[in-house]
Amino acid sequence: MSSISPESIREHTQTVFRNVFNDDEIVLSDAMTADDVDGWDSLTHINLIIAVERQFGIKFATAEISGLKADDQNIGTFLKLIQKKLDAKR
Amino acid sequence: MDDLVSQFRAAANTNEQPKALRALVAGLKSIAKTDPAQAALTLRRLITADLDYSAADAFSRVHQLLKPSLPAPSKKLAILGSFTTHQLAALIELYLFATGINVAVYESDYGVLQQEILDPSSGLHAFKPDVVYLATNRRTLGRRPAGNESANDVNELVAQETAAWSSLWKAAHDQLGCQVVQNNFDPPPWRVMHNHEMRHPAGLARFISKLNHAMQDAAPSYVTIHDVDHLAASAGRWAWGDDRFFYHAKLPCAPEFLAGYAHSVASIIAAQAGASKKCLVLDLDNTLWGGVIGDDGIGGIRLGQGDAEGEAFQAFQHYCNDLARRGVILAVCSKNTEAVAREAFEKHPEMVLRIEDIAAFVANWDDKARNLRLIARTLEIGLDSLVFVDDNPVERALVRQLAPEVAVPELPEDPAGYIQAIDRHAYFQTVSVGAEDLQRTEMYRANAKRQQAEVSSGGVEDFLRSLDMRARIDPINSANLERVAQLVARSNQFNLTTRRHSAAALMKMAGSPDYLTLTVSLADRFGDNGLISVVIGRVEADELVIDTWLMSCRVLKRGVESFVRNVLCRMARQRGLTALRGEYIPTPKNALVIEHYANLGFAKISGEVGQQSWWQLPLSAAAEWPTFIQERTAHE
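Protein sequences appear in the order of chains A and B.
Letter 16 of the first sequence, counting from 1, is numbered 16 in this note's numbering, and no numbers are missing.
Letter 228 of the second sequence, counting from 1, is numbered 228 in this note's numbering, and no numbers are missing.
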């Protein structure tokens, strides 16, 4: 599998966010957290995990699923996590 | 809106799916504001058992949005879970909505099902449910074998566990007057004893299997055990038991299986309410066999041993046959010549379904939505009791549009996938199978036969048109003399004058310039009826006097009389005549034709109706009458 650029990961993830939260205005920035996205509750959280897993063909660990909403986490760390998993797949 | 729906269907299992789903949901939300009834109707048709989690979740949100405008709930469902039931509850509600049942849902806190049922001051008691759903799973089990118990100890454990649930069911039923649905138990995907697990008395898989059987046996009629174990096995136990989501959110299975899970529960509650489908309507070509019977013939279609695809079609027929044997009505709706279609059932050695398994057999060239209505009327069931199976996506789309009440599952192109494509919907969900179910097809077949006459007269013109009748006109000649003489000698009912001319006399008239003779041979899509009508006219001055007019009763009410009238007018004109003159001579057997000439627009010129009477039709006033019979020339 060829490498996916960070820009491409961001773009695909942004599309997933827009689909899950049904909001075309969402633009991902590294500093964004769950609190910044309307409707990011425990239910949409699961939708998001599933959608991202399906989009990239990756699997998050149990701790990573819970950790996404932790205080020190944001979109920047989430995108890095996806990158790491994609790199591990190659 | 229709475009958005078809784009969504087309995008299934592609990368375009999320985008198409969003566009569709946006469309639904926008019409929900102006026309909630239309939005509800559109949404209802989108909700199928095979929705993936994101689609089911998105539709569930639209449903929640529409709820204030929906009719008041007709049923109260309480869900008592030993896991998080929130998503499951919303989806059960969604699937019940799809079957036309609006429910009010009560959800207890997680893990307090005994308290809710046993405490009269609980929220459950205040809610007064019609149905209590005990959403349990293996983690709910109080005790399980430790590994060193004897067979007797384990049996005792099974009995205790069953008794505990039984008393809870009884308490719910006695105190709340409700029905109970309870999950059985799905074993974990792992086996510490591997293959030996089912043999060792204390094997966990063996224990759960025994318990599931014991629960089924112990369940009284007001309890339905929901077979979650089967859902897990169908999904694949490791995929089903993706425990990340249990640890994270106490979900009972991987999220991707939640929609199917909810559908399964909803189908049971719908079945209790009598909302299951009743009749499986089958297309023929490329649905029950491979190929086109009308083109390929009986020897050319693919069915049964010797051809891989043929075996798949035969397996599908076995599935349909098994459905019929448990009480699902089978019907056929096919674009075919009926006689040709029936022949496959009667003569193909590899056919599993026989003609007597089909309660209503409709093979014609009309549109299928119309034929499905005919089938529903014939069987006296609702259009919404039908499931229509057709390999042709165009037919499916047409029926979805013109008869939206009918359930139309998507079919894969490969017949090996037909069974799954239908079975997954649990259209014919049932909470009991009794003796009457097993005789249902026979009963409906008898009904259908009684209805047939009525149905045809309901749409006589369509029926006649569909017969595709072709008539050939010949004079009496040596080739048909024998048959003509036989009819002249024997016809009683449809015979205006009952003159018994001999064969010799008939030949003489046929050869005489003073006579005009005609015979009619009629064929239709069922086959050739042969020579069925004879008319003999004698030229007198400028009139054609009708000496004999008879017809076989096999072709009554097909418009043959009008057709013959047209032909007689034409022939008389060609001879330069100005009128037809008809005679009626009553006999004890020909009351059928008392009104014959009146019906054909002749005016009575002498005698009384029912007595010997003379009738006249001036050719100047006789326009051609419409019929559904095409005239063929002799050599066709």
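If you're looking for bench data, these hints aren't it; they were derived computationally from the structure.
Don't take every hint at face value.
[What the hints assert, rightly or not] Pairwise CB distance ranges (calculated):
hint : chain 1 : residue 1 : chain 2 : residue 2 : range
1    : B       : 370       : A       : 36        : 25 to 35 Å
2    : B       : 233       : A       : 67        : 45 to 55 Å
3    : A       : 14        : B       : 405       : 51 to 61 Å
4    : A       : 25        : B       : 430       : 28 to 38 Å
5    : A       : 29        : B       : 370       : 25 to 35 Å
6    : A       : 84        : B       : 238       : 17 to 27 Å
7    : B       : 217       : A       : 36        : 15 to 25 Å
8    : B       : 222       : A       : 84        : 48 to 58 Å
9    : A       : 30        : B       : 13        : 25 to 35 Å
10   : B       : 218       : A       : 29        : 40 to 50 Å
11   : A       : 67        : B       : 420       : 51 to 61 Å
12   : A       : 36        : B       : 382       : 45 to 55 Å
In this text the structure is predicted, and so the values were computed from the model without any measurement.
No residue lacks a Cβ here, since even glycine has one placed at the ideal position from N, Cα and C.
Against the structure, the hints:
1. 370(B) to 36(A): 25 to 35 Å: For residue 370(B) and residue 36(A) the Cβ distance comes to about 56 Å; the hint is violated.
2. 233(B) to 67(A): 45 to 55 Å: violated (33 Å)
3. 14(A) to 405(B): 51 to 61 Å: Violated, at about 42 Å.
4. 25(A) to 430(B): 28 to 38 Å: At 49 Å between Cβs, range violated.
5. 29(A) to 370(B): 25 to 35 Å: violated (58 Å)
6. 84(A) to 238(B): 17 to 27 Å: Holds, at about 25 Å.
7. 217(B) to 36(A): 15 to 25 Å: For residue 36(A) against residue 217(B), whose Cβ atoms are near 55 Å apart, the range 15 to 25 Å is violated.
8. 222(B) to 84(A): 48 to 58 Å: Given about 54 Å between the Cβ atoms, the range holds.
9. 30(A) to 13(B): 25 to 35 Å: holds (33 Å)
10. 218(B) to 29(A): 40 to 50 Å: violated (59 Å)
11. 67(A) to 420(B): 51 to 61 Å: This hint is violated: roughly 38 Å between Cβ atoms.
12. 36(A) to 382(B): 45 to 55 Å: holds (51 Å)
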